[in-house]
Amino acid sequence: MAVAVVLVLVALGSVVFHMLSPWWWTPIASNWGFIDNTILITFWITGAVFVAVVLFTAYCIYTFRHREGLRADYEPENQKLETWLGLGTALGVAAMLTPGLVVWYQFVTVPEGAAEIEVVGQQWSWAYRFPGPDGKLGTTDVRYIGPDNPLGLNPSDPNGSDDVIVDGGDLHLPRGGPIKVLLRSTDVLHDFYVPEFRAKMDMIPGTVTYFWLTPTRDGTFDILCAEYCGVGHANMRGTVVVEDAAKQKAWLSQQKSFAELSARGRTAAR
Amino acid sequence: MVDVTARTIETAVPPAEVPDVELYHPKSWLTTWVFSQDAKIIAIQYSMTALTIGLVALVASWLIRLQLAFPNTFSFMDAATYYQAVTVHGMIMVIYLLTAVFLGGFGNYLIPLMIGARDMVFPYVNMLSYWIYLAAVLVLVASFFAPGGPTGAGWTLYPPQAILEGTPGYSAGIILMLASLILFIIGFTMGGLNYVVTVLQGRTRGMTLMRMPLTVWGIFTATVIALLAFPALFVGAVMMLLDRALGTSFFMPAIIQAGEHLKYNGGSPILFQHLFWFFGHPEVYIVALPAFGMVSDLISTHARKNIFGYRMMVWAIISIAVLSFVVWAHHMYVSGMYPAFGFFFATTTLIIAVPTALKVYNWVLTLWRGDIHLTVPMLFAIAFIVTFVNGGLTGLFLGNVVVDVPLSDTMFVVAHFHMVMGVAPILVVFGAIYHWYPKITGRMLNEVMGQVHFWITFLGAYAIFFPMHYLGLLGVPRRYFEIGQTSFVPPSAETLNIFITVVALVVGIAQLVFVFNLFWSLKKGRESGPNPWRATSLEWQTPETPPGHGNWGKELPVVYRWAYDYSVPGAEQDFIPQNEPPSALNGARAAGH
Amino acid sequence: MLAFLAVLATIAAWWLSQQGLAAKPWLEEGVPVGPRAPRRISTEPAKLGLGLFLAVAGALFVLLISGYFMRKGLPDWRPLPMPPLLFVTTGVLAASSLLLRLARRSAERGAREETQLALTAGAATAIVFVAGQMAAWRQMLEGGFGIAGNPSNTFFYLLTGVHALHVLGGLAALAWTFAKMRESDDLASTRSPIGLCALYWDFLLVVWLVLLAILTGFADGLGEICGRLLS
Ligand code: HEM
Ligand SMILES: [Cu+2]
Ligand SMILES: [Cu+2]
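Chains as they are written, first to last, in my numbering: chain A, 33 to 302; chain B, 18 to 610; chain C, 928 to 1158.
In isolation and in its complexed conformation, chain A is listed as follows (with noise of 0.2 Å):
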């Protein structure tokens, strides 16, 4: 009896706390809408499910409990009833996978001529690197990791010498344009993750992994590492900055290059 009650509190207080609840999604800043609204649909497909399944244990459990001189049907099977429920199942499944899938092939599929950049993770910070003014970035190898050439470029391709490197400060990105995202680790795994952004991706040390996105909504935001990646994981923080793109251009333009870097290196070793 009270397990009947119980439960359908159960049911209806999730409900209600779901609506309630002050914990929910933080407002999106990038063009990644599509995957809130897949999460709503799933939402709404499985809280149904959920609630209806939960009533009707409860609805069950408070008819049929049991009492003097009842005794329980004889029905081994009903294939008629399972088929139907199969096939509901799998139409409820298909509307949820559909839409999940569809939004998958967008988000594996980097749109021509996005800008890319490259994050490196590092335990247990963050380091950013744009492409200079020739537009391409440089190659790179952990090997050449030194005391000044933290990112491990390549010092004999022409392409990384202009590169900027952002080692230790903020990450601006220019509002509006789609951007390649290029994820690289010189030690263990880490994850780049904006919960803004809702888009996140492992780095991988040894390949280079990659994501897409498009900044829509000027704001200063955390970065977090979402790949467990050693005793410092929870520190490991960084911050973004949306702005639109000329003052994004301007905060470029301050930054330090690769060529930069390694002659001051080479004057301080001097």
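No lab work stands behind these hints, which were simulated from the structure alone.
Note that CB positions come from ideal geometry on N, CA and C, so glycine has one too.
Possibly wrong hints are sitting among the right ones.
As the list claims (entries may be wrong) - One-sided excerpt, in silico: chain C residues whose CB lies under 8 Å from chain B:
1. L975
2. L979
3. V983
4. R998
5. A1051
6. L1068
7. E1069
8. G1071
9. I1074
10. A1075
11. P1078
12. T1081
13. L1085
Said to hold, decoys possible - Cut-off 27 Å, straight-line C-alpha distance, at most; resulting in silico cross-link-like pairs (DSS-like, lysine-lysine):
14. K212(A) to K279(A)
15. K288(A) to K168(A)
16. K44(B) to K541(B)
17. K281(A) to K112(A)
18. K1107(C) to K44(B)
19. K974(C) to K280(B)
Based on the hints, put chains B and C with the ligands in the right spot on chain A.
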């Protein structure tokens, strides 16, 4: 649905196809109770060991929760300790508790009894299996005291981090952890071969596959997947051990750490992830399928009604088992693997939802028009349905590749897998213990304590993990020692964290009631008689309770019907045991239904 | 791996299809007999157990081999010259396997002396095989191919090592069988363990041949095809 293809009703008993198992007869106290080859004793040894080490995992969860609710409060807690607690907690719960208790514990106890065998077919190997498991547990415990403490690599043990400085316990802890896993797998393989062969060969006369209780189906299928999945973890563990101990580069690319170039070169961290999850996803079903099976039997018995759609239940178990091998990469959507894989794995993952959902429907439809006795095991079974449905549905979020992108590695994932493979199976373990305890000891567990235990555990667990999803939606990552200052986590989240922690502590304490009950009822519990729940399956029909050595006295039972003849129309009682010969009346039912 | 599983799944499916999975158990009472009753596997439990174990061990080797090909695809792989000694040991293992088959045949005929002789010779050749593998390791080490040198070296040691461990496990079982045979006068009681050992030795030989084909690069083409299918 009237299908009168019933086979001839044959009362003459055909000869057994397989000779009665040769029993090993213990000669001394030591061989009866310690180095026992009796599956029932081994089952108890397995369960007690698993529950004991499980308490360590429970305590670890308190430490984790205390830190999350009250950061900067406890001097004994630093980041390293936190990650060690998380790793030890996760690893023990999944492998050393749940896998061991379902297969080594319930598998050993129930398989021979339910299929009408005297024992497992290889009792000696069975005994070895337990002792190797115990050794694995001891090696794990040893790692707590090793210099540098146990590993803090997370239960997924992802390289390169797992074996590098920067992760707690990288010097000795990780080596012991891997060694312990290797031992566990060897021990499990020995036990697993036993369970499978016993189900295949040891069934008594008349016990066709389609007459087996779903518990046996669940444990059997889970064992088969475990046998095929564990080698992947084994290979991963061996390779990682070589990387750590001999400096090879299976999983280790060129790495620079603290300005120093390490000796590794060219390895692939993703290779480990594939191996790990090729084991790791089936592992979820290794835990879930026995729970599915047992909960089916609990529901059917206590609702006095046959399980609805028995055939569908069996088919669903089999298809889930098969599908579970082609979904592993859904744990790697954001791992940087080849993006097109996402389409394939999302589709297979969501397809698995269909047989799983059918099982849920059938449990609920078994309640429909039943005669529901709200005993403690039944309460746990109902709570299982609620939590499993909840956790299964959030699985549809995470399986649907693009939805997983914002949610992966957040507290949403933690909430999801706790609901579906933590809370739900544990509730079944509890329900099953309340259900079978009378057979094991001859006494009932105390009902009042059982009720208290049930309500606190069910509502508490739900209150812990349901709100936790919303922290994940907010964007709080998992495996965070502290979230600290951020621009997106509101102060109210702190209140929620405190609430969750308080409830977790209360739920933890409530488990002590259960442990107390286990011991108290051993002496003081009400005598149960052989079949207190008036159940049909064979284990309740043993000549002695608790069943003696060899289970069945002189004659093996003969099975005449399936395991679900509850409330058969026209029958005198509301259950007909599986070994009751057909009467004229029952025969009429079978032919004329 | 998936292919291996598919094979196992087919076997399982075939067997399950014999078991009347579509039966409606609630319609049937009594003990099923006659031609329509589900057939049991008629082998003895130990043989079935061994068969299952071979499936598990097979899975282990298949996974190792998958790992081999995946790792081989990465750029730092340098092929390894195989010591010719391996071909000698291959012959020895084949002889060992043959001798065990011989032992099985003799045991079936009830020829006790012959059985003992064949078993001893089989065990001896197996020991020679393991020793030969060790010698090959030494040659490799002396040739400067340390275990951590290149992944191809590592895999060489890993694959041969795991295989040798399986041989040693087989030897332990063989020793046990031998002791049991010594103990009892009745040859019949050990017939089945000898048969199992012979089966296991066949497995060891097949696995070794596959490993050899892979290590010598003979199976590269195949690996490439599989690799392409996967990525
Ligand atoms: C009272 C019960 C439990 C509580 C309060 C609890 C709480 C937690 C918390 C807070 C975390 C870590 C969150 C983080 O920082 O990432 C965690 C991790 C985990 N828990 Fe539990 N848990 C409980 C029971 C269980 C059970 C029954 C299982 C069995 C499946 C389980 C399996 C895991 C696993 C696999 C992890 C992940 C470890 C990792 O990240 O490496 N837990 N648990
Ligand atoms: Cu991290
Ligand atoms: Cu999974």
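Checklist line | Interface hint status, L979(C) versus chain B (Cβ within 8 Å) | finding: Nearest chain B Cβ about 5 Å off; hint holds.
Check: How about E1069(C): closest beta carbon in chain B under 8 Å, or not?
Finding: Not OK, violated: E1069(C) not within 8 Å of chain B, min 18 Å.
Checklist line | Pair hint K1107(C) and K44(B), alpha-carbon separation not exceeding 27 Å | finding: With Cα atoms ~21 Å apart, K1107(C) and K44(B) stay inside 27 Å; holds.
Notebook entry, point to check: Is K281(A) close enough to K112(A), meaning Cα to Cα at most 27 Å?
Noted result: 65 Å, violated
Notebook entry, point to check: Is K288(A) close enough to K168(A), meaning Cα to Cα at most 27 Å?
Noted result: Distance ~16 Å between K288(A) and K168(A) Cα, so the pair holds.
Note to self: K44(B) and K541(B) were given as a pair; does the straight-line alpha-carbon distance stay at or below 27 Å?
What the structure shows: Judged against 27 Å, a Cα distance of about 30 Å means the pair is violated.
Item checked: Interface hint status, P1078(C) versus chain B (Cβ within 8 Å) -> OK, holds: P1078(C) within 8 Å of chain B, min 6 Å.
Checklist line | Hint check: 8 Å Cβ-Cβ cutoff, L1068(C) to chain B | finding: Result: violated, 13 Å to nearest chain B Cβ.
Next item on the list: Return the status of the interface hint for A1051(C): holds when the least beta-carbon distance to chain B is below 8 Å, violated otherwise.
Entry: Interface hint status for A1051(C): violated (27 Å vs cutoff 8 Å).
Checklist line | Pair hint outcome, K974(C) versus K280(B) [Cα-Cα no greater than 27 Å] | finding: Status violated; Cα separation ~47 Å.
Next item on the list: Go through the hint on A1075(C) and say holds or violated, using the shortest Cβ distance to chain B against 8 Å.
Entry: 4 Å, holds
Notebook entry, point to check: Measuring from the C-beta of L975(C) to each C-beta in chain B, is the shortest one below 8 Å?
Noted result: Since chain B brings a Cβ to about 5 Å from L975(C), closer than 8 Å, the hint holds.
Comparing the model with each earlier hint shows violations of hints 5, 6, 7, 8, 16, 17 and 19; every other hint is respected.
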